[in-house]
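Visitor: Sequence:
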Amino acid sequence: MTTRSVVVGVAATAAFWLGGLHFADATTQPGKIYVSSMVIRDDAIKVRIRRHTWSDTLRYARGAEVRYEVVNRGTRRFSLDILGSVTGVMAPGRRATILVAWSRRGRYVFQTAPHGGRLRVTVT
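Residue numbering for the sequence shown follows the numbering used here, starting at 675 and increasing by one per position.
Calculated from the structure, these hints are not laboratory results.
Treat each hint with caution, since some may be false.
What the hints assert, rightly or not - No more than 25 Å apart at the CA atoms, straight line, and that leaves these computed lysine to any residue pairs for SDA-like: (1) Lys706 <-> Val740; (2) Lys720 <-> Val709; (3) Lys706 <-> Arg747; (4) Lys720 <-> Thr676; (5) Lys720 <-> Asp730.
When you get a sec, could you build the whole thing from the sequences and use the hints?
Guide: Structure below.
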């Protein structure tokens, strides 16, 4: 084996490892956190999906992280639990913030307690 082939082999190995490190950095970067307004009323839960559009049926890609800014516009006290993120009991007019990571595919239905509106979510 000549010195030249050893140098070429070392350079190829170094290029392989340095290239692999670049991909490792790309996979560990944090994702984007989306912020959505959520309104709880006596009969419904609505989430802002566009500037002037509200919906009670949502679709997210798996892995999406959403911070909901929740406000109770109803006349009763409500609590909402979305995958373990809980608003606590909110009196009318009160606000809370919850962070939800949509990490599993499926269809979900959430309801405010006691006996409030429903929110339907599909994660693809």
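Visitor: Hint numbers the structure violates, sorted upward?
Guide: Numbers 3, 4, in rising order.
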